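Residue numbers (numbering that gives the first Met the number 0), protein chains in the order written: chain A, 0 to 120; chain B, 0 to 247.
Don't take every hint at face value.
Claimed, not checked - Label-pair restraints from in silico Cβ distances:
hint	chain 1	residue 1	chain 2	residue 2	range
1	B	177	A	41	18 to 28 angstroms
2	A	74	B	231	32 to 42 angstroms
3	A	90	B	94	39 to 49 angstroms
4	A	57	B	86	28 to 38 angstroms
5	B	242	A	92	32 to 42 angstroms
6	B	116	A	57	17 to 27 angstroms
7	A	45	B	177	33 to 43 angstroms
8	B	30	A	41	22 to 32 angstroms
9	B	216	A	75	15 to 25 angstroms
To be verified - Calculated pairs, DSSO-like style, for lysine-lysine (alpha carbon to alpha carbon, straight line, at most 27 angstroms):
hint	chain 1	residue 1	chain 2	residue 2
10	B	30	B	50
11	A	19	B	177
12	A	19	B	30
13	A	52	B	50
14	B	40	B	50
15	B	40	B	30
16	B	207	A	52
To be clear, the hints were calculated from the coordinates, so they are not data collected in a lab.
Being a predicted model, the structure only gives us computed values, none of them experimental.
Even for Gly, the Cβ is constructed at its ideal location relative to N, Cα and C.
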Amino acid sequence: MHEMSIAMSIIDIALSEAEKAGAQTIDEIEVEVGQLAAVMLESLRFCLEAAAKGTLTETATFTLINIPGHGHCLACQRDVAITEFPAQCDVCQGFGVSITAGTELKIRSISINGDNNGREE
Amino acid sequence: MCDSCNCGGNTPPTVTIQKTGPHSNHSSSRKIVVEQDILCKNNSQGENNRKFFQQQQILTLNLVSSPGSGKTSILERTVRDLHQELAISVIEGDQQTARDAERIQATGAPAIQINTGTGCHLDAEMIRRALPQLNPPPHSLLFIENVGNLVCPALFDLGEAAKVAIISVTEGEDKPQKYPHMFRAASICLINKIDLLPYLDFDLALCKELALQVNPALQFFEVSAKSGEGLGAWYQWLRHEFSHCHHH
């Protein structure tokens with residue numbers, strides 16, 4: 000289950016960013032998960048709860064933002080919504096679709112509390 | 000289709016885990032834009048591995064499949080057939096046991112076993128740690144046999160030149176559509192155990208068609224590690240890629 004590796008990476012990145020910013024607490028961690036990123040939100044949520052235990056992220060709210068899948072059909076040159084693989088154009092039914100969105104797997108932001116005396120925002 | 004909440008809609012859900020506790024007061028918090036790829040640590044180590052392989056002119060292939068498709072048998076046969084002309088070493092990934100590394104060592108090739116414990120995939124850092132111990136020579140071929148799993152290894156770049164997916168004709172033809180991420184990540188697909196085709200209902204053409212829908216650029220080799228049938232084309236491809244990586 001790769002969701003645990005991903006959850007641990009999220010916690011690591013959030014903790015490192017929080018430390019850089021001098022955070023005392025982390026209120027929220029916003030994570031973008033593309034619809035086509037091969038990550039199950041339910042499973043990731045479960046793993047985040049486990050991985051956050053005993054760290055500054057334990058009391059944070061994890062907001063998992065699902066980014067819809069999109070592609071560009073190479074045959075009919077249209078932008079089409081892609082919800083799963085194989086990526087098929089719903090107009091011409093072709094499979095030659097280049098994915099333009101939905102594979103995101105990134106931390107968008109963290110919201111922190113803490114004194115930031117002399118530190119840049 | 001959204002499989003998290005069965006909403007079936009075009010607007011995927013935003014899942015929020017709301018915590019209550021002493022720190023749940025958002026009033027004085029400030030937002031820091033991070034915009035960082037979650038897999039960036041593995042990706043950058045993967046890139047470091049790739050640079051090392053390119054400098055050393057080591058052609059590295061990451062072999063991925065479900066358990067039992069014959070990855071190790073294909074490797075044993077490939078090493079036996081090619082080790083006179085190419086220096087070959089192998090990194091074996093399994094949750095437990097050193098059996099696969101022992102099988103490869105018995106063919107005469109250096110092999111090192113990585114046990115992932117409960118982990119379901121190899122990552123770039125594991126490869127970095129294994130390299131000084133295995134010490135693959137310059138101008139050589141390095142096979143990494145990933146943990147038998149068609150899901151997780153798709154996401155983790157090891158620094159390989161290509162992922163080689165292996166399926167066997169004792170599996171379903173629709174496996175590429177059931178595990179599309181792996182077949183999209185792979186550029187080569189070996190279809191193994193073709194010596195068994197006369198005894199099975201496996202539809203080879205259908206399997207390829209379904210795989211090509213997932214990844215139109217996928218290149219196939221139909222092989223039998225047991226009878227040796229079809230391995231010549233696979234070896235030609237290896238020789239070609241090997242000479243190509245020397246020209247970089």
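Consistency of the hints with the structure:
1. B/177 to A/41: 18 to 28 angstroms: This hint holds: roughly 19 angstroms between Cβ atoms.
2. A/74 to B/231: 32 to 42 angstroms: The hint (32 to 42 angstroms, Cβ to Cβ) holds, given that residue 74 of chain A and residue 231 of chain B are roughly 35 angstroms apart.
3. A/90 to B/94: 39 to 49 angstroms: holds (45 angstroms)
4. A/57 to B/86: 28 to 38 angstroms: This hint is violated: roughly 50 angstroms between Cβ atoms.
5. B/242 to A/92: 32 to 42 angstroms: holds (40 angstroms)
6. B/116 to A/57: 17 to 27 angstroms: Cβ of residue 116 of chain B to Cβ of residue 57 of chain A: about 25 angstroms, so the range 17 to 27 angstroms holds.
7. A/45 to B/177: 33 to 43 angstroms: Violated: the Cβ-Cβ distance is about 23 angstroms, outside 33 to 43 angstroms.
8. B/30 to A/41: 22 to 32 angstroms: holds (26 angstroms)
9. B/216 to A/75: 15 to 25 angstroms: holds (19 angstroms)
10. B/30 to B/50: violated (36 angstroms)
11. A/19 to B/177: Not OK: residue 19 of chain A and residue 177 of chain B at ~42 angstroms, beyond 27 angstroms, violated.
12. A/19 to B/30: Holds, at about 13 angstroms.
13. A/52 to B/50: Outside the cut-off at roughly 37 angstroms; violated.
14. B/40 to B/50: With a Cα-Cα distance of about 16 angstroms, the restraint between residue 40 of chain B and residue 50 of chain B holds, given a limit of 27 angstroms.
15. B/40 to B/30: Answer holds: residue 40 of chain B to residue 30 of chain B is near 23 angstroms, not above 27 angstroms.
16. B/207 to A/52: violated (45 angstroms)
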